[in-house]
Amino acid sequence: MAKHRTIGKIKGFSIHFLPYSEIKDLSGNERIRKILNVVLGNSILVLQGKLRDEEEARLIGDTMAMIDHLKGFKGIELAVISGNENQGFFSKMKSGFANALAGGDLGAITIIGPATIVKEIKRNPKKIELLLTG
Amino acid sequence: MVSLARFLKKIVSGMFKSKKEVKLGFYGPPNAGKTSLANRICKDFTGEEIGSVSKIPHETREVQFKEKVEIKYKGKSLTFKIVDTPGIATKIDYEEFLHYRMKKGDAKKRAKEATQGVIEAIKWLDDMDVVVVVLDATENPYNQVNITIIGNLAARKIPVLIVANKMDLRKADIKKIEAAFPEYKTLGISAKSGKNLEDFYEEIFKLVKKL
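Here the protein sequences line up with chains A and B, keeping their order. Per this note's numbering, the first sequence starts with residue 1, numbered consecutively. Per this note's numbering, the second sequence starts with residue 1, numbered consecutively.
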């Protein structure tokens, strides 16, 4: 028999969709600031595209610095799902060229949520599952 | 910018290659066994360990080193600076440490030190010559922290070996890690039992050749 699951007392969060065009022309610092502002406002951010690798690392570093400075902030849950995974060499080259023209990997989706709301993001190559705190 | 800095570093280090130690970094999420593996290597070749290990996450909260570690393998020898880094995470909650019967004050202190450790580990990425990414083979490898670490190493053109640790445990599944990172060599080991350590040294020597 399937286990009956209920949603507990989740309150005060929203889902914020951000098209890539909103961050395309921003510097790395500005992108991270924009993302963290959304997350600190108790929103789960769904971003079209993905950050650059070094921006992702900086986002983690800035998140750690914020845990120290903001009471109640415990960090983030972060996941990226990209359409380019497990592609062959030529498909990767083709999508790399298309991404360069578009200015970013628009086929990817990035999900970032505050750890106080998002307990875990379970991920496999084709699916992202958000487990919220009850 | 990162690539240019790395290119210049490569030229300078190439000039002094014969004297230089190879900086071998251990990266990965918390509790994957980075320090256990670094300890085993250091113990084998220097007789001393690099740091303490614990079941409580974030035991390593500062970057720790062991210099002039001469690893000998099949008649060859290379000198390394072993760099063991704190586990990288996107969230740190002191309440998690309370489950290990830690006092609230100690847990808060540990959490604060752990956040600093993550920042330090990220800063050190630029200084590595070769990196071993240590993953727990019993855990889901599709974790963004793993992907971010490996992506950053690739962007810096740092040679990487992925180690699937804890292969002595029944739940361990190296195939999942191989499927998650098909572009990299993944080696199954057990830092605890020493399983496959010889293969590990062989892979490290191969990576150093790429420098």
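Please note: incorrect hints may appear among the correct ones.
Said to hold, decoys possible - Taking lysine to any residue pairs in the SDA-like style, the calculated list, with each CA pair at most 20 Å apart, reads: (1) K127(A) - N140(B); (2) K81(B) - K176(B); (3) K126(A) - P57(B); (4) K157(B) - D53(A); (5) K24(A) - E55(A); (6) K112(B) - K123(B); (7) K126(A) - A179(B); (8) K112(B) - D62(A); (9) K122(A) - V46(A); (10) K127(A) - Y100(B); (11) K108(B) - K34(A); (12) K112(B) - K122(A); (13) K34(A) - K122(A); (14) K195(B) - K210(B); (15) K20(B) - K112(B); (16) K171(B) - S193(B); (17) K126(A) - K108(B); (18) K109(B) - P57(B); (19) K108(B) - I15(A); (20) K123(B) - D53(A); (21) K20(B) - E70(B); (22) K108(B) - A65(A); (23) K108(B) - V130(B); (24) K108(B) - G72(A); (25) K104(B) - K122(A); (26) K71(A) - K119(A); (27) K71(A) - K112(B); (28) K109(B) - I117(A); (29) K122(A) - E139(B); (30) K119(A) - E55(A); (31) K119(A) - K24(A); (32) K74(A) - Y94(B); (33) K112(B) - Y100(B).
By construction, these hints were calculated from the structure, which means they are not laboratory data.
Checked hints:
no.: 1; hint: K127(A) - N140(B); verdict: holds (13 Å)
no.: 2; hint: K81(B) - K176(B); verdict: violated (31 Å)
no.: 3; hint: K126(A) - P57(B); verdict: violated (29 Å)
no.: 4; hint: K157(B) - D53(A); verdict: holds (13 Å)
no.: 5; hint: K24(A) - E55(A); verdict: holds (13 Å)
no.: 6; hint: K112(B) - K123(B); verdict: holds (17 Å)
no.: 7; hint: K126(A) - A179(B); verdict: holds (13 Å)
no.: 8; hint: K112(B) - D62(A); verdict: holds (14 Å)
no.: 9; hint: K122(A) - V46(A); verdict: holds (15 Å)
no.: 10; hint: K127(A) - Y100(B); verdict: violated (33 Å)
no.: 11; hint: K108(B) - K34(A); verdict: violated (28 Å)
no.: 12; hint: K112(B) - K122(A); verdict: violated (26 Å)
no.: 13; hint: K34(A) - K122(A); verdict: violated (24 Å)
no.: 14; hint: K195(B) - K210(B); verdict: violated (25 Å)
no.: 15; hint: K20(B) - K112(B); verdict: violated (35 Å)
no.: 16; hint: K171(B) - S193(B); verdict: holds (16 Å)
no.: 17; hint: K126(A) - K108(B); verdict: violated (37 Å)
no.: 18; hint: K109(B) - P57(B); verdict: holds (13 Å)
no.: 19; hint: K108(B) - I15(A); verdict: violated (30 Å)
no.: 20; hint: K123(B) - D53(A); verdict: holds (14 Å)
no.: 21; hint: K20(B) - E70(B); verdict: holds (12 Å)
no.: 22; hint: K108(B) - A65(A); verdict: holds (15 Å)
no.: 23; hint: K108(B) - V130(B); verdict: violated (34 Å)
no.: 24; hint: K108(B) - G72(A); verdict: holds (12 Å)
no.: 25; hint: K104(B) - K122(A); verdict: violated (29 Å)
no.: 26; hint: K71(A) - K119(A); verdict: holds (18 Å)
no.: 27; hint: K71(A) - K112(B); verdict: holds (12 Å)
no.: 28; hint: K109(B) - I117(A); verdict: violated (23 Å)
no.: 29; hint: K122(A) - E139(B); verdict: holds (11 Å)
no.: 30; hint: K119(A) - E55(A); verdict: violated (23 Å)
no.: 31; hint: K119(A) - K24(A); verdict: violated (29 Å)
no.: 32; hint: K74(A) - Y94(B); verdict: holds (9 Å)
no.: 33; hint: K112(B) - Y100(B); verdict: holds (17 Å)
Hint check: violations occur at hints 2, 3, 10, 11, 12, 13, 14, 15, 17, 19, 23, 25, 28, 30, 31; the rest are consistent with the structure.
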